[in-house]
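*Asks:* For reference, the chains in residue letters:
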Amino acid sequence: MPEQQRPDDADLLDRLRAGDEAAFVALVRSLDGRLRALARTFTSSPALAEDIVQETWLAVVRGLRGFQGRSSLRTWIFGILVRRARTLAAREARRAAREEAPSGEPGEDIAGEWVPGAGRVGLWEGRPAPWGAVDPAALVQSREALHVIANVLEAMPESQRRVLILRDMEDVPPEDICNILEVSGTNLRVLLHRARARVRRALDAYLRDGEVPSSRGAPKPLPAAEENA
Amino acid sequence: MNCYEAVDLMGDALDGRLPEGARAGFEVHMAECGPCATYLAQIRAAREALMRLPVEPLPRERLEAIVEAYRRELGARGL
Chain A
119 MPEQQRPDDA
129 DLLDRLRAGD
139 EAAFVALVRS
149 LDGRLRALAR
159 TFTSSPALAE
169 DIVQETWLAV
179 VRGLRGFQGR
189 SSLRTWIFGI
199 LVRRARTLAA
209 REARRAAREE
219 APSGEPGEDI
229 AGEWVPGAGR
239 VGLWEGRPAP
249 WGAVDPAALV
259 QSREALHVIA
269 NVLEAMPESQ
279 RRVLILRDME
289 DVPPEDICNI
299 LEVSGTNLRV
309 LLHRARARVR
319 RALDAYLRDG
329 EVPSSRGAPK
339 PLPAAEENA
Chain B
227 MNCYEAVDLM
237 GDALDGRLPE
247 GARAGFEVHM
257 AECGPCATYL
267 AQIRAAREAL
277 MRLPVEPLPR
287 ERLEAIVEAY
297 RRELGARGL
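Chains as they are written, first to last, in the numbering used here: chain A, 119 to 347; chain B, 227 to 305.
Isolated chain B, as found in the complex:
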């Protein structure tokens, strides 16, 4: 496997969806090719950081409006 093919599979590798027939070749290439291994590690690290990105807090009044709609629709019991 060359670098072109390896990079082509990196998205699948990140998703844990490497095609069965390509897995061994991909892993061998990653073990042998420093730049590709570095690139994959950095993309993976970036992705993990993305998952940890905090989200904006939900303002109380907005939450209450949404919950009120839920109560009306589902006949929810009160808290």
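One chain only, chain A, in its complex shape:
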């Protein structure tokens, strides 16, 4: 069942429809960054990603009055973005063909990781060991650890990054993600698991060996970071 409209959504919608600019600005600020991150999973062109997000906001503005609240406001907006992205990015045929493979990208290193529905791949041959004295909660306080995560996110297959953004970073319900991305529940589980396993593995390497994985292409500084300014 899709996510029901949240009570705070109803209030927010009333304000947005009434022309409450402050409410709209707050909505844009809260979602725009993630929308851009999601748009970039559909295109390698930063300019096209910007266009996708811009068109999404225009469609949101035009659709606010007609939005019926069958899903949450956020889910609706992410859905608009994915549809726009698919349309606008369709020209990038070669790239699109590559990312349409829903799972099991060739050469993906999943040794030692479990794959849902496919049994284990050497389950616990390399047993996960605790991260020593590192308090897992302290990870989120560490800018370097966040850098590790940002880099591994940048380097992972688009299909995995997409579900990670929607599920783990934006907390969109799994059923809604299946609808938005047109993937099965099983496929979503596989993609999510692989994505999370990649992040865990990168953090594991970093915490044990100090290894900071580099992202694909040009190194990307953390957004809004004071460093690398």
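One or more hints might be untrue.
[Stated by the list, open to error] If you want the ones that stay clear, here's a sample from chain B, every Cβ over 10 Å from chain A, calculated: (1) Val254; (2) Glu258; (3) Pro261; (4) Val281; (5) Arg297.
[As the list claims (entries may be wrong)] Okay, the calculated bits of chain A under chain B, using three or more residues with CB under 8 Å as the criterion: (6) 157-165; (7) 189-197; (8) 275-288; (9) 314-325.
Hints listed in this document are in silico derivations from the structure and should not be mistaken for laboratory results. Keep in mind the model is a prediction, meaning the values are calculated, not measured. Glycine included, each C-beta is placed from N, C-alpha and C at the ideal position.
Keeping the supplied structure of chain A fixed, place chain B upon it in accordance with the hints.
*Replies:* What follows is chain B alone, placed relative to chain A:
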């Protein structure tokens, strides 16, 4: 419950959606199996860190363009 089954349920556990019939077995396994408990804790920590990942700031001119579209469409009152 063995490790295969436990790992199979970890995504549900992270989402707080463990099937009712599997919850007790899962919790017992986590209490007894160090590697599985470690793996789950690390995946959970990674997920929490993901949620804290900062996003790129929105350039002022882009925000203004979006807000201008909103004003036109919704007849919004000015600030």
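*Asks:* Give a verdict on every hint.
*Replies:* Consistency of the hints with the structure:
For valine 254/B, the condition that its CB be more than 10 Å from all CB atoms of chain A holds, with the nearest at approximately 18 Å. The beta carbon of glutamate 258/B is kept farther than 10 Å from every beta carbon of chain A, the shortest such distance being approximately 14 Å. Not every CB of chain A lies more than 10 Å from the CB of proline 261/B, the least distance being 4 Å, so the non-interface label is violated. A Cβ of chain A approaches the Cβ of valine 281/B within 10 Å, the least distance being about 3 Å, so the stated non-interface status is violated.
With a closest Cβ-Cβ approach of about 7 Å to chain A, arginine 297/B is found to fall inside the 10 Å limit, against its non-interface label. Given as covered by chain B, the segment 157-165 of chain A fails the check, having 0 residues with a CB less than 8 Å from a CB of that chain where 3 are the minimum. With 0 residues having a Cβ less than 8 Å from any Cβ of chain B, the segment 189-197 of chain A misses the three-residue criterion, and the hint is violated. Against chain B, the segment 275-288 of chain A contributes 3 residues with a C-beta closer than 8 Å to a partner C-beta. That satisfies the three-residue criterion, and the hint holds.
Residues of the segment 314-325 of chain A with a Cβ under 8 Å from some Cβ of chain B number 6, which satisfies the need for three, so the listed coverage holds.
Taken one by one, the earlier hints fail for this structure at numbers 3, 4, 5, 6 and 7, listed in ascending order.
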